[in-house]
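Modelling step: build the complete structure from the supplied sequences, incorporating the hints.
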Amino acid sequence: MKKYLAFFRMRFIHGLQYRAAAWAGIMTQFAWGFMEILMFQAFYRADPTSFPMDQQALSSYIWLQQAFLTLFASWQWEGELFESITSGNVAYELCRPVSIYNMWFARSMARRMSRAVLRCFPILIVAVFLPAPYGLGLPKDVIAAVGFVTAMVLGLLLVCAFSMVIYMGTFYTISSAGLRMVASNVSDFLCGSIIPLPFFPDAAQTVLKILPFASMNNAPLRIYGGDIAGNDVFFTIGLQVMWMVIFVVVGKWMEQDIKKKIVVQGG
Amino acid sequence: MIEVEHLTKTFQVAKRGAGFKSAFKALWNKQYEEIKALNDISFSIGDGEMVGYIGPNGAGKSSTIKVLSGILTPDEGTCVINGRIPWKDRKEHVKHIGVVFGQRSQLWWDVPVIDSFCLLKDIYDVPEKEFQQTCEELTELLSLKEILKTPARQLSLGQRMRCEIAASLLHQPDLLFLDEPTIGLDAVSKLAVRAFIRKRNEEHGTTVILTTHDMQDIEALASRIILIGKGRVLMDGTLSDMRGCVENKNASLDEIVASLYRSYEI
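Residue numbers (this note's numbering), protein chains in the order written: chain G, 357 to 623; chain L, 77 to 342.
Don't read these hints as lab results, they were simulated from the structure.
Ideal placement from N, C-alpha and C gives every residue a C-beta, glycine not left out.
According to the in silico footprint, chain L covers these stretches of chain G (three or more CB under 8 Å from chain L): (1) 366-372; (2) 439-449.
Residues from chain G that keep clear of chain L, each with C-beta distances beyond 12 Å, as calculated: (3) Phe-390; (4) Met-395; (5) Gly-491; (6) Arg-536; (7) Val-606.
The structure is reproduced here in structure tokens:
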């Protein structure tokens, strides 16, 4: 365990030093957040009755999503992993007395968290002071707050477990670009980071709700706003756990398979 | 103790002619050629030996090193290193070996070298006190003092290679595999690296296996030479055995090796 913590720490320190990237990220996230709020405001004015979410809950959803973008966005890949697999530098990592899976899991978690720590506070602080219903509201009750934190941790673990399957998949192909692109776009759309899931047609929602992508950023953000409440909170969290276990098992199995077949090419 | 018997590894290599036509043809019907990277390799190496592993490009040197370090599973044959099979007991095995791949880097690109060292300390569970000691010793012998706080990306090749070698010794391995450790180094760095490896072997009894194309490395370091070509062991002996294979007694080492390669048709 200590080894993986060390790995986590190293990646965390590594991530903290890109200041310019953090500032640029914060700016982008602000601009994006305002744009989304304006867009949904237009919808709301057109017909408030067909609006599937409380407007305040939606604003909270958008701001939290922007603040924690790097935690949940599946396209926040650890580029160096792809590169090390393609270039063969992974040879060194295979020479360490650690499990590749656990090491990389720690690493991608650290990458996401270090980026989020740098970016989230300015966005959260500003969003809290925006006038209602455009700002970040407080969670409705204690269950929403506790559920949000739990679901956020699980969501992060799930995203990492999902990424691990993609990283491991890269071992089987020569170029990772295709796999990465498909995974990014599909999950980005289906996890509700382009349009929140409640805005999807009802029929689609029943399916989307149980897909793993809904358990990534959709779950914690909707629990926060009270859009998912009561027993649904427990159901949602249970679903997150289930998907996480499935992805971890698949990823671990791939790791075992790869170890038997791997060939690091070249001198 | 390293015992290798009848190692065999075959690779499939995609082949096609140049140009548009053959590229298009390969879309439908891909041709593969089987290359025997290792073809019945056997040798055994005792503790504390320094062995030069030489052969022309593509002879199977790196493949052997990869098998020995547990990252490549051979098709056939056995390999037992200190009682373990590298690719089966990978985790336990790699605790006791240090590897330097001259063409690759194990240092974290954007952080100071010392951070990479500290990470390795934790990965290998090296106690703090021991780590400080080893680190000091390596720093002095490889003159790293000035560069430990520099990010790896800003090091010159020679500086980086010295750091790479230090990085692979932080956990005090009994076995050191060096895959072209002097590639691209200037004269001063080469001499420093050689002197260091020799010292390491003398003082710590570290077994060293090194692959290189630089015959001066071999002359300076290796008490024993294994020559391989086309995946086979062609010669296993000392430098003077090798000299005995050619008629011209004044030939330089490079000439001897070249004529050996020619006589074995590799």
